[in-house]
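Asks: Residues per chain are reported as follows:
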Amino acid sequence: VHPRERLGEAGSVRERAQRVRDRGPVRQPKLDRVAARALAQYREQPYRHGHDAKASGAPALVIASGATQEHITSGLRGWMMQP
Amino acid sequence: VSSGDGERGSVVGAVLAGGQSARMGRPKPLVELCGSPLICYPLGAIEAAGLEPLVVAKPDSELPRLSCRVAREPEHPSHPLVGIVAALRAAVRPAVVIACDMPFVPPAMLSWLAGLDERLAVCELKGRLHPLLGLYDPSLVRDLEAALARGESATDASRALDARLIGAGELHRFGDPARICFNVNTPEDLEEARTLLATH
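Line order of the protein sequences matches chains A and B. Here the first sequence is numbered in the working numbering, starting from 107 and rising by one per residue. Here the second sequence is numbered in the working numbering, starting from 1290 and rising by one per residue.
What the hints contain is simulated information worked out from the structure, not anything from laboratory work. Built from N, CA and C at the ideal position, the CB exists for glycine as well. One or more hints might be untrue.
[Stated by the list, open to error] Per label pair, the in silico range of CB-to-CB distance: (1) A:129 to B:1351: 29 to 37 angstroms; (2) A:118 to B:1450: 32 to 40 angstroms; (3) A:118 to B:1364: 34 to 42 angstroms; (4) B:1483 to A:125: 30 to 38 angstroms; (5) A:121 to B:1450: 21 to 29 angstroms; (6) A:125 to B:1477: 36 to 44 angstroms.
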């Protein structure tokens, strides 16, 4: 069996729909605030770690688990526009 | 011939929900199927497939409360290609497109579609194309807009753009092709979907 075909076994059709139904809307203002705080840390860390960009990536990744790409992108945009 | 194992970065799973629901008589995304709004079914498959969910709908389309990104397509015209173009413009990446009224598309099939190398691939069953279940590359936007301007159907546009056709032979890997391509257009279809779900 192709590995991707096993995806079909991950929960029934009905259960997957219920999970979407029960999740509810993302609270965008709250996510934006959280993302901005994480990105502020991201901005500060290169100086602390001698411009080690890889070491500074973790906080943003943690926040990304609960936010959509749009939220992260908008947070990044705001971050980049700061003086 | 691509196998569906290609690497093309993240792919969006776009659920088209801007239809008029004329035959159903009420907004299809909200129609309840075994306790959940109909649109939650393709969204659940997209999430299980690991694609980034995106819903595309008209400005006045009624939707349930959703946790994913929603893009609004132009109010006019009412045409499937409008939703597909809006999805590609919002995604700026390849998009696996699925209609909001297709509750039985398996996640494995969506994942496989996302891995294809073609710019355009749509399902075909019994000689009928299903352009609202396929893979679209963002480089198609101008061609699709031109097709829209010429008044072409999504089916004609798919043929003209030399879409890879995914037939029953390939769909069989993921389940009953008729069930995969089943869509809920009428109250009778909804009843049939309930029956199918009871046996799933």
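Asks: All hints are to be evaluated individually against the structure, with a verdict given for each.
Replies: Now the hints, each set against the structure:
| no. | hint | verdict |
| --- | --- | --- |
| 1 | A:129 to B:1351: 29 to 37 angstroms | violated (19 angstroms) |
| 2 | A:118 to B:1450: 32 to 40 angstroms | holds (36 angstroms) |
| 3 | A:118 to B:1364: 34 to 42 angstroms | holds (37 angstroms) |
| 4 | B:1483 to A:125: 30 to 38 angstroms | violated (19 angstroms) |
| 5 | A:121 to B:1450: 21 to 29 angstroms | violated (37 angstroms) |
| 6 | A:125 to B:1477: 36 to 44 angstroms | violated (28 angstroms) |
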